[in-house]
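Given chain A, work out where chain B should sit, using these hints.
So the protein sequences, as listed, match chains A and B.
For the first sequence, position 325 matches number 325 in this note's numbering, and the numbering has no gaps at all.
For the second sequence, position 152 matches number 152 in this note's numbering, and the numbering has no gaps at all.
It is possible that part of the hints are untrue.
Claimed, not checked - For the chain B half of the interface with chain A, some residues (derived, Cβ under 7 Å), not all of them:
(1) HIS50
(2) THR54
(3) VAL55
(4) LEU56
(5) PHE121
(6) GLY184
(7) HIS237
(8) LEU238
(9) VAL384
(10) MET387
(11) GLY398
(12) LEU487
(13) GLU503
(14) GLU507
(15) GLY508
These aren't lab readings, by the way, just hints derived from the structure by calculation.
Virtual Cβ for every residue (Gly too), placed ideally from N, Cα, C.
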Amino acid sequence: MVCAGVKSAAVRVGRARLVTAAVATVLALLLSACGDQRRADEIIVYTSRADHLVKPVFDAYTAETGTRIRFITDNEAALITRLEAEGAGSPADMLITVDAGNLWLAADRGLLQSVSDERLESAVPANLRDPEGQWFGLTVRARTLVYSTERVQPDELSTYEALADDAWQDRLCLRTSKKVYNQSLVATMIERLGEAEAEQVVRGWIGNLATDVFANDNAVMEAIVAGQCDVGIVNTYYFGRMLRDRPELPIRLFWANQGDDESGVHVNISGAGLTRNAPNAEAAQDLLAWMAQPTAQRILADGNLEYPVNPDVVPHEQVAAWGSFRPDDLNVEIAGRRQVEAVKLMDRAGYR
Amino acid sequence: MGILALGRPRRLRRPDGLVLLTLALSAMVLMPVAVLALSWLGNESQIWRHLADTVLLDLVLNTLVLVVGVGVGVLVLGVSLAWMVSTLDFPGRRFFDWALLLPLAVPAYVLAFVALDILDFSGPVQSSLRQLIPAFEGGSVRRPWLVVVTLSLVFYPYVYMLARAAFMVQGRALMDQARILGLGPYAAFWRVALPMARPAIAAGLALALMETLADFGAVAVFNYDTFTTAIYKSWYHLRNLNAAAQLASLLLLFVLVTLVLERMGRGRARFEQQGVHRMHRARPGTVQRWLLTGYASVIFLVAFAIPVGRLLFWVVDSAWLDLDSRYWGLVTRTLLLATGAAVATVVLALLLGYVRRTRIHRMVHAAVRGATVGYAMPGSVLAVGIMLSFAAVDQWLGSTFGLRPILMGGLLALMVAYVVRFLAVAYGPVESSFERVRPRLIDAARTLGATPAEAVRRIYLPLLTPGVLTALLLVLIDVMKEMPATLLLRPFGWDTLAVRVYEMTTEGEWARAALPSLTLVLVGLLPVYLLMRRTRAH
Chain A
1 MVCAGVKSAA
11 VRVGRARLVT
21 AAVATVLALL
31 LSACGDQRRA
41 DEIIVYTSRA
51 DHLVKPVFDA
61 YTAETGTRIR
71 FITDNEAALI
81 TRLEAEGAGS
91 PADMLITVDA
101 GNLWLAADRG
111 LLQSVSDERL
121 ESAVPANLRD
131 PEGQWFGLTV
141 RARTLVYSTE
151 RVQPDELSTY
161 EALADDAWQD
171 RLCLRTSKKV
181 YNQSLVATMI
191 ERLGEAEAEQ
201 VVRGWIGNLA
211 TDVFANDNAV
221 MEAIVAGQCD
231 VGIVNTYYFG
241 RMLRDRPELP
251 IRLFWANQGD
261 DESGVHVNIS
271 GAGLTRNAPN
281 AEAAQDLLAW
291 MAQPTAQRIL
301 ADGNLEYPVN
311 PDVVPHEQVA
321 AWGSFRPDDL
331 NVEIAGRRQV
341 EAVKLMDRAG
351 YR
Chain B
1 MGILALGRPR
11 RLRRPDGLVL
21 LTLALSAMVL
31 MPVAVLALSW
41 LGNESQIWRH
51 LADTVLLDLV
61 LNTLVLVVGV
71 GVGVLVLGVS
81 LAWMVSTLDF
91 PGRRFFDWAL
101 LLPLAVPAYV
111 LAFVALDILD
121 FSGPVQSSLR
131 QLIPAFEGGS
141 VRRPWLVVVT
151 LSLVFYPYVY
161 MLARAAFMVQ
171 GRALMDQARI
181 LGLGPYAAFW
191 RVALPMARPA
201 IAAGLALALM
211 ETLADFGAVA
221 VFNYDTFTTA
231 IYKSWYHLRN
241 LNAAAQLASL
251 LLLFVLVTLV
261 LERMGRGRAR
271 FEQQGVHRMH
281 RARPGTVQRW
291 LLTGYASVIF
301 LVAFAIPVGR
311 LLFWVVDSAW
321 LDLDSRYWGL
331 VTRTLLLATG
341 AAVATVVLAL
351 LLGYVRRTRI
361 HRMVHAAVRG
371 ATVGYAMPGS
381 VLAVGIMLSF
391 AAVDQWLGST
401 FGLRPILMGG
411 LLALMVAYVV
421 RFLAVAYGPV
431 ESSFERVRPR
441 LIDAARTLGA
451 TPAEAVRRIY
461 LPLLTPGVLT
471 ALLLVLIDVM
481 KEMPATLLLR
491 PFGWDTLAVR
501 VYEMTTEGEW
511 ARAALPSLTL
521 VLVGLLPVYL
531 LMRRTRAH
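For reference, chain A alone in the conformation it holds in the complex (with noise of 0.2 Å):
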């Protein structure tokens, strides 16, 4: 109908002979952004991984089975909010994002749905994917201690906890708390040690900052490297790509908390989910299967350094070559359902 005024308003624009190239211009977008039919066999997925970390593994996909696969990359609370506003008539069926808390929220607002498969519970560990089955798994993120090897010796390292000792006064450089990852490392501890507890760590790391908390982990390992600070909390993937571009720098990573009594490496997911009202669940669920499976395994992590959440999975060459750790076996879902009290908290203790 609009579609239809919009047509006629353009020729009858063009017979006044009124016709300016701007003009022409606004309706020509109008015009494209009409008759985008969807097709009755292809898969829509709202995404917060990048472009250029999931498009390979579409196409992949599409290469395999002939199934099309169109996707909108955006912020993930704001994909969140979208299918909340879109309900019922929105046309995505796949949502993926970074942080398990992420995916929680999402399905605590009631917009995916619950998948039983076993292609996806054989492969996905069970602490990697909700119970219900709303989400699952595709990638494993490390979040652990780096250190400047000219500095530290690493039997001086133990655990997150340690570093709010005060023999690391004025030597720790953290990332700020508005991201994300450290909202869920937070959020575990809670978990794990109680509010307060955790509140006392968090406190303690503040005191023991060398300067202003950073935007981004590599600007943390920058730090490190050029002595402005000793140690700090980073995602493995950032560390591979910076060693991969530079291999002689000063730094290691260190596998914190791996102690009988202690709580693992902090890990977290990248993952996806059904939602609740996919035009086509069905061929959606297909493929989130199958990027459970090796191929697709490889392509996902390889292409960012993370871990293959598949156990039958090697990971990538450069990254085993970290050594292998025993990673928090908490489910991810912690992540979610504390994240807003790890925010407060982190607010509370002064970390910016």
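Chain B alone, transformed into the frame defined by chain A:
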């Protein structure tokens, strides 16, 4: 006389067609704002208490520091540079005339990142200083002063551009008259030229400050928490969009009050011109002339050449690997969207300006104000307001007429979003050109037998052209850089350069973000150059 009647504004008893159109436009802009205002129906006292107990005071103080600092910064840079290029002669003036506008094409977060990359503890400057001077320790430069400097360098072109246009139209004759009446050159500037340019400068300042208030990218790079940070914190991290909308509407209220105060401050002053004059430039002494060149060069270097050079370095170093055939699609779509949105926005701004100029009706004033509030909202929040109202329209159409969604996922929605967000940008320059058209000029033309159409062509158009071109350019570049609304509302496949920049930076791939950023800057250069040529002084 029909709706095209010109000349002195007419007092209307009842709103006519154009007034109604203006009201409709205003309603369109206010719709998303109203959706956000609805958030006050909810009770978010818990979040408010949390923010008030922990971060709110700091955030408000930080924001004030930023607004005052950037305000002074853009005024000093923008007015001084505009004055230099439009009234003085110095080596390189013709180049700086347009080159000083180029920083407009550099997104704020890019300059912020490059500034830290170069100046922070681990950057080249401090590293070399530590090697040269053993006693030098260095430290963090992520401090308020650097945030103020960075944003001033990015946003001064708004003031520069509008002030330059105003000074040029004033012409030399005005200054000569002031001098003949006994004022020294400085007094003539402070007491005549500057006050005459006040509407233009105020419009530029308002744009710069609204950008500052809405900025999230650059302050995030510095981890400098402002009021906008609280808005995002509430939405992204405390997961409460309602509280975010409440905070955003407070920000908007603050902006509205400020704009109204500025209006009242102008009082009954009029700023009409006697027509376009030829410029005869003053030629300062040799030393002063080279000092002026030095000043302009420094600003051009730090605000444009150095950041672009840094981007270029990254691109040559590695990021060119991303250059493939898909890239042309990004460039084309960016240009298409920006051109379409710029034309649509400026046409509507002209409508607003015209109605406000020719009609006196109590609703006109309010409608025009209402139609230009979009710019002060942080982009993401406004985008969400637009999305929520569009989704509601779609759902209503779907349930009432059984239509499939026509707004969400379509280009129309994105275009409307751009218009809502950038109407204020286009309206500022358009309005300040309208203010320069004396009603008496139109009266004279009519008395001399010109038809209304002729009066438009021979008086309105020449006087409005610089303002219209300025508005086109500003919106064009703003749309190209726009991220949040584009991300949220673009149809499938309509990725733009800004979308690519977002995807790379969000993954911490700063070097790979250099290619789309640099392309954005380069694509922005062409319209800047062409339009500045059009408005160049004779």
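Consistency of the hints with the structure:
Here the hint on B:HIS50 is kept, as its CB sits about 6 Å from the closest CB of chain A, short of 7 Å. Annotation: interface hint on B:THR54 holds; nearest CB of chain A at approximately 4 Å, less than 7 Å. With its C-beta approaching chain A no nearer than about 6 Å, B:VAL55 sits inside the 7 Å limit, and its interface hint holds. At about 10 Å, the closest approach between the beta carbon of B:LEU56 and any beta carbon in chain A exceeds 7 Å, and the interface hint on this residue is violated.
At about 5 Å, the closest approach between the beta carbon of B:PHE121 and any beta carbon in chain A falls short of 7 Å, and the interface hint on this residue holds. Because the smallest distance between the Cβ of B:GLY184 and any Cβ of chain A comes to about 47 Å, over 7 Å, the interface hint for this residue is violated. Of the supplied interface hints, the one on B:HIS237 holds, with its beta-carbon coming within about 5 Å of a beta-carbon of chain A, less than 7 Å. Restraint check, B:LEU238 versus chain A: the minimum CB separation of about 6 Å is within 7 Å; hint holds.
Taking 7 Å as the C-beta cut-off, the interface hint given for B:VAL384 holds, the closest approach to chain A being about 6 Å. Taking 7 Å as the C-beta contact cut-off toward chain A, the hint placing B:MET387 at the interface holds, the least distance being around 6 Å. Interface hint status for B:GLY398: upheld, as the beta-carbon distance to the closest one in chain A is roughly 6 Å, under 7 Å. Annotation: B:LEU487 was flagged as interfacial toward chain A, and the flag holds, the nearest CB pair being 4 Å apart, inside 7 Å.
Among the interface hints, the one on B:GLU503 holds; its C-beta lies about 4 Å from the nearest C-beta in chain A, closer than the 7 Å criterion. A distance limit of 7 Å between C-beta atoms decides the matter here; for B:GLU507 the minimum to chain A is near 5 Å, and the interface restraint holds. Satisfaction of the interface hint for B:GLY508 is found here, the shortest Cβ-Cβ separation to chain A being roughly 5 Å, below the 7 Å cut-off.
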